[in-house]
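J.: All chains, full assembly: derive it from the sequences and hints.
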Amino acid sequence: MQAALILMPVTVARSLDHALAALEECPEALILAGGTDVMVQVNKGSLSVDQVVAIGRVPELQGWSREDDWLHLGAGVTYSEMMGKEISSMVPALAQASRTVGSPQIRNAGTIGGNLGTSSPAGDTLPTLFALEAVLTIRSSAGIRKLPINQFVVGVKQNALQPGELIEKISVPVLEGSQEFCKIGPRNAMVISVASFTLLTDVKENQVRSCLGTVGPVPIRPTEAENLLSNGVDWGKNEVSSEVLDAFASLCADAAQPIDDHRGSAAYRRHAIKILSRRAACRIFSEGNS
Amino acid sequence: MSNDFYTLNVNGKDHQVADSWVGESLLWVLRERLGFPGAKNACEEGECGSCSVRIGEEVVCSCLVLAGSAIEQDITTIEGLSAEGELSDVQQAFIDAGAVQCGFCTPGLLVTIDDLLEKNKNPDDLTVREAISGNLCRCTGYGRILEAVQMAAASRRGEKRE
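Which chain is which? The protein sequence lines are A and B, in order.
If you count by numbering that gives the first Met the number 0, then the first sequence holds residues 0 to 289, one letter each, in order.
If you count by numbering that gives the first Met the number 0, then the second sequence holds residues 0 to 161, one letter each, in order.
Treat the hints as calculated values from the structure; they're not laboratory data.
Just to be clear, a hint being listed does not mean it is correct.
Heads up, simulated EDC-like pairs for lysine to aspartate or glutamate below, C-alpha to C-alpha not over 16 Å straight-line [what the hints assert, rightly or not]: (1) Lys236/A / Asp201/A; (2) Lys12/B / Glu83/B; (3) Lys43/A / Glu46/B; (4) Lys118/B / Glu129/B; (5) Lys43/A / Glu23/B; (6) Lys203/A / Asp233/A; (7) Lys43/A / Glu43/B; (8) Lys118/B / Glu56/B; (9) Lys118/B / Glu57/B; (10) Lys43/A / Glu44/B.
T.: Written out as structure tokens, the structure is:
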């Protein structure tokens with residue numbers, strides 16, 4: 000089997016070992032998951048491919064498992080699967096984010112591992128994974144290493160994946176409390192994000208976790224805003240004052256590092272974060288008048 | 000794969016693809032190499048859904064599938080929805096409802112709707128809208144398409160036409 004690998008431009012991996020052997024043989028091969036990002040570039044001619052390792056049907060990368068308060072998602076889990084009952088009950092914001100990705104056809108093909116591999120600032124699962132402080136299991140034929148997501152996604156479409164490695168799974172804590180993901184694009188559906196925002200509550204710790212998407216080279220945790228809201232919420236009543244909400248939204252907007260591009264101006268994006276952050280908080284907490 | 004070939008199973012039959020280039024999309028191979036021109040090529044970036052095909056149990060955009068990676072899977076195109084020369088129930092409903100105008104989006108819609116009705120015999124309007132949200136039609140305004148879906152759903156449930 001291995002001797003034949005070198006001759007085949009497309010290796011359809013049957014197992015994790017098969018994929019890793021192919022990557023060891025050809026470390027620069029393109030790793031193809033759902034293809035929804037890669038094939039757009041290939042079709043346009045902006046990406047040329049010589050060697051491909053297709054991992055879409057590797058059984059070890061499919062499905063998920065629950066271990067105490069942790070959810071382990073195989074890198075091959077699709078957006079459609081994340082919208083399903085089970086994952087959406089454990090990580091609602093991830094399901095909400097998945098629902099904003101492309102069309103049903105795209106969500107049937109695209110995967111969480113692919114979203115991470117692409118590491119686009121507009122990657123829809125990234126803000127929630129950053130807020131959850133997800134841990135990635137990265138595997139090569141030499142073994143595994145684990146990396147927190149903020150050490151994995153390091154720049155615009157740049158990540159810490161080395162030649163010969165692939166993402167095996169993504170582990171996130173299952174929190175108790177409401178979650179909201181919001182996204183703004185040029186229209187209501189099938190859009191690449193102009194600004195996105197995730198807000199998660201942890202009612203055991205009386206804390207919120209939050210993250211801004213598409214308004215910086217990598218997703219941004221607005222830590223000052225998180226602290227302000229965590230301390231400002233009346234957790235017994237699930238209530239927060241208008242003043243705290245306003246201050247939270249302003250701090251979130253301050254934390255953004257947006258750029259002007261063809262999808263929106265920096266000023267618009269900062270404004271959008273202010274709106275989205277307040278909106279998300281209002282969906283979770285009732286607005287009090289204290 | 001210049002010195003080699005691979006095999007795609009399309010509509011229940013194996014087809015060999017020879018002398019291909021590694022980056023060819025399934026859509027391109029279906030249309031240009033294997034003689035299945037039903038799936039349409041419009042955006043080539045997964046926006047329009049006119050290239051929709053079913054692979055296994057899921058409808059995907061064939062323009063975003065690397066053809067060489069689709070080996071050993073059941074690929075169903077619009078050509079496979081009914082026996083040659085016959086119309087499927089969804090196709091007939093499209094004609095009866097007047098849901099076809101320019102026709103470019105129609106094959107993709109038919110594949111998507113067939114898949115929907117396989118999985119859900121009685122979809123409500125919102126479910127239908129969600130299911131076809133990845134198939135853009137710029138002619139009809141969708142009204143007659145929605146009507147056709149309900150007609151096909153009713154006939155698949157064995158209900159008689161009024």
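J.: Each hint: holds or not?
T.: These are the hints, each one checked on the structure:
1. Using a Cα cut-off of 16 Å, the hinted pair Lys236/A and Asp201/A holds, with the two alpha carbons roughly 14 Å apart.
2. A hinted pair counts as satisfied when its Cα atoms are at most 16 Å apart, and Lys12/B with Glu83/B qualifies at roughly 14 Å.
3. For the suggested pair Lys43/A and Glu46/B, the alpha carbons sit about 14 Å apart, so the restraint of at most 16 Å is met.
4. Proximity of Lys118/B to Glu129/B is assessed by CA-CA distance (about 14 Å); at most 16 Å being required, the pair is judged to hold.
5. Taking the CA atoms of Lys43/A and Glu23/B, the gap is about 11 Å. The hint holds against a cut of 16 Å.
6. Restraint check: the Cα-Cα separation between Lys203/A and Asp233/A comes to about 13 Å, which is no more than 16 Å; the hinted pair holds.
7. In summary, the hint linking Lys43/A to Glu43/B is supported, as the alpha carbons are separated by about 8 Å, within the 16 Å threshold.
8. A hinted pair counts as satisfied when its Cα atoms are at most 16 Å apart, and Lys118/B with Glu56/B qualifies at roughly 10 Å.
9. Straight-line distance between C-alpha atoms of Lys118/B and Glu57/B comes to about 10 Å, which keeps the hinted pair within the 16 Å bound.
10. Straight-line distance between C-alpha atoms of Lys43/A and Glu44/B comes to about 9 Å, which keeps the hinted pair within the 16 Å bound.
Hint violations for this structure: none, all hints satisfied.
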